[in-house]
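Here the protein sequences line up with chains A and B, keeping their order.
Its first residue numbered 1, the first sequence is counted upward by one per residue in our numbering.
Its first residue numbered 1, the second sequence is counted upward by one per residue in our numbering.
Just to be clear, a hint being listed does not mean it is correct.
Stated by the list, open to error - Label-pair distances were calculated between CB atoms; the ranges are:
#1 SER101(B) to ARG140(A): 28 to 36 angstroms
#2 ASP175(A) to SER409(B): 40 to 48 angstroms
#3 SER409(B) to ALA253(A): 50 to 58 angstroms
#4 VAL272(B) to THR97(A): 55 to 63 angstroms
#5 ASP396(A) to GLU293(B): 41 to 49 angstroms
#6 ARG140(A) to PRO81(B): 36 to 44 angstroms
#7 ASP175(A) to SER252(B): 52 to 60 angstroms
#8 SER176(A) to THR219(B): 51 to 59 angstroms
Keep in mind the hints are simulated off the structure, nothing from the lab.
We treat Cβ as the ideally placed atom computed from N, Cα and C, and that holds for glycine.
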Amino acid sequence: MVISRRDFLLRTSGFVTVSAMVPRWAVDGSRLFEESIGADFANRTLVVLELAGGNDDLNTVVPYSDNLYTQMRSRIGIAPGSVLQLDGRLGLNPVMTGLKALWDHNRVALLENVGYPNSSLSHFAARDVWHTADPQLAQRNGWLGRWADRYIAGSGNPLACTAISQSLPRTLLSDSVGVPSFVNLASYQYATDGSFPGDRSNQIRTFLTQNGAEYEIENTPDALSRVAEDAIHSSDMLQTVGSGYVPGGVYPAGTLGAGLLLIAQIINANLGARILYITYGGFDNHATENSDHDPLLTNVSAGIQAFFDDLDAHGKAHDVLLMTWSEFGRRVADNGSNGTDHGTAAAHFVVGNAVRPGIYGGPPNLANLDSNGNRTIENDFRAYYGTILQDWLGADSAAILGTGYPNLGFVNRSYA
Amino acid sequence: MSVNWTRDSAAHLLRRAAFGATPSEIDDLYARGLEGAVSRLVDSESIDLTAYEASLTAKGYNLANVRGLQQWFLDRMALSPRPFEEKMTYFWNLHWTSGISKVRGTTLILNQNKTERQYAVGKFDDLVVKISQDPAELVWLDNYLNRAGRPNENYARELMELYTLGIGHYSETDVREVARALTGWTIQNYRQADNYNGATFLDNPAIHDAGSKTILGQTGNWDGMDAIRIILDHADSQGSVSGRFLSSKLWSFFAYEYPPPYIVEELRDVYVASNRSIREVVRAIFLHPEFYEAHTRKTWVRSPVEYSVASIRMVEATSDFATASSSLAGMGQVLFNPEDAKGWDWGTSWMNTGTLFARSTLANTMCTNRGSNGTRFDPNRLLAGHDSSTADEVVDVLADRLNVNDASSKIRASWVDYVNANDDGSRGTWTNTAANVDKKVRGLVHLMLTSPAFHLA
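If we strip away everything but chain A, and leave its shape as in the complex, we get (with noise of 0.2 angstroms):
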């Protein structure tokens, strides 16, 4: 097998100066996804947050007024008169005061009870599944990924989809758009001889040659090639986003905190990113739950309102979604190690200036629960992402997830 370049490489290449300015591809790039997706849609940005592990949603959106969860959490169970009240029978776990304000001014969707029927107990398959859309697992492509070959190929911007992350997620795998990731900007770029300046040019022509240049071995993947050209390209915009950056808000320290910021940061240099994504994890809690627990949610609470403060300073929330997902929730009965084993529905927020405010589905029906302890599904998660990829996203949600799936409104679809 002979590997080619892709077209747009072929267009681009030679593409190695710095520059401080949206570049000319942005430009075109934006003008082409405007085409595909109506204007109406062409500045909106989705930033997708995953809690990996398994984030237990009962200790995070508590039906505190449930004597069950009293009882099937004697161990572990938040306290019911300590929870940050959302209706009369849902409230967040206390550490999430930052949350709560962005819900006391409407700006918060609580969708309860999301999953898929005969739920993988297993981390893995469980965050494939969430990845591709797909519980069968037929699908390569991730249902973002998949929605960039539709709207985003052939838009010529390496920056559409963008990844804070040591790895590109599934979620955003795709047949044809490339995908930068990293965590840390001051060391995203090619480093060369510092002894020899002016041979620098020389290296990174050939660095893009060896790159881009039909490699003749079989089966060589093709990623291989074509993310050397991404990293040049990306590289030479995202230098300068950090640069004279003052933040709108308080982020808390760590990495979620400082990933949020860098996204708020490429959002506000205007370089096209139609989809951020972030991975937060360490939510696998099967042991003293609550004391590893409490301080994640912490950081999530804080991170996405330190988030909201900042875009709104610098303008910005209008165009800005959040969502969260996390590959399953956790057994209703704590597990006698202080901790809850693997479960099945749970909890999602969507934050935005667009969302419809409100908690959609009911507490969870702790009643009834399946052979294993788990909660049964209200809201399937494709009509999570659905709803998404309609009324934020602009696109045919038919086509990328198949049909059957109801919109759950909770995106103002006539926002503008």
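Chain A is fixed; fit chain B onto it per the hints.
What follows is chain B alone, placed relative to chain A:
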């Protein structure tokens, strides 16, 4: 079909069964013939380690912190006279993957690594038992908290899903029942305040669930040893499930991912016939003609660890492995600290724009180190004994050295152009001067180390 044993075959075997090798090491292995070469690697216990272990101890890596542990293991992988033993230990490190962030105790992680090395090519049963009773693993997947009446499913699930059978070959009932069988396998002699250091295995009957359990269709009053035996004995219409699982994973690691069914069946039969010998399955892989086919070569994407080790070993650099260990996070693989029990995905998952830059930075740091500390090599030594009066010759020598001589003519031409190029990009002519060696040989090694031909093994 038989193996066409060539020097390139020997180089391929050394890239896969070890971490890449120098030209003289390739010559030596080639001269042994196929069976001799494979035996030299997989039966390496006769190679004396005394001098190497003494030199390793003398380096004084600080094994009380994770950075020191990483340096210690990287050093072994790059410099041990038994590189296959280290490659196999690295395979188990990827397979069992306990993480320091949760285990916390560095002695536990070090001891787990030693256990993986000690049992690396023995009977699979022994390794599964040793790891299931390993204090680091007991903490990592919570089995030390698993007790009668208060079961914790975490280890039981991963034991079957990730380590022995694979998903789809057991039920949720089996998960619960194996968890019950494993109650009582815990740790003793530790203080949490001391990061579990000092912990040793304890089989505590007082917290073991002595009731009847049904595991994979077999009912009895099973304990942990029984559960492991039942799991490894488990067979379906296609025979041994663990045999297929392990064979498939070993082939994926050493040859290529998604092995065809006939390969898995052949290796499964070796596994069963050899009484579940890891060594014999691996030997069968290295003797298999399919292993040497062109479509098997240069298809493995080197992990960050393999990339770091191969780059140091193949240019015969001097190293304290400090930069290599501190660069692992940016490349996406913090040795001894995977994000979850599955460990890292392989293949092209390693490669994205961020990790690619991290690799280039690591390679550049080595290639431009002209000092007397840290990772460094002598560019003159790479040319010694070879004609290097033209740019073509320089490219040939270095391409052979780094096993990238299979790159296309276009890529090779870009390297020749680079060696000849003036700073303004115009075409000059390479001459072998000290100044040019210092600039262009270092620069070309860096370019080759950041080319697809080197990211692939």
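Results of checking the hints against the structure:
| no. | hint | in the structure |
| --- | --- | --- |
| 1 | SER101(B) to ARG140(A): 28 to 36 angstroms | holds (31 angstroms) |
| 2 | ASP175(A) to SER409(B): 40 to 48 angstroms | violated (29 angstroms) |
| 3 | SER409(B) to ALA253(A): 50 to 58 angstroms | holds (52 angstroms) |
| 4 | VAL272(B) to THR97(A): 55 to 63 angstroms | holds (60 angstroms) |
| 5 | ASP396(A) to GLU293(B): 41 to 49 angstroms | holds (44 angstroms) |
| 6 | ARG140(A) to PRO81(B): 36 to 44 angstroms | holds (43 angstroms) |
| 7 | ASP175(A) to SER252(B): 52 to 60 angstroms | violated (23 angstroms) |
| 8 | SER176(A) to THR219(B): 51 to 59 angstroms | holds (53 angstroms) |
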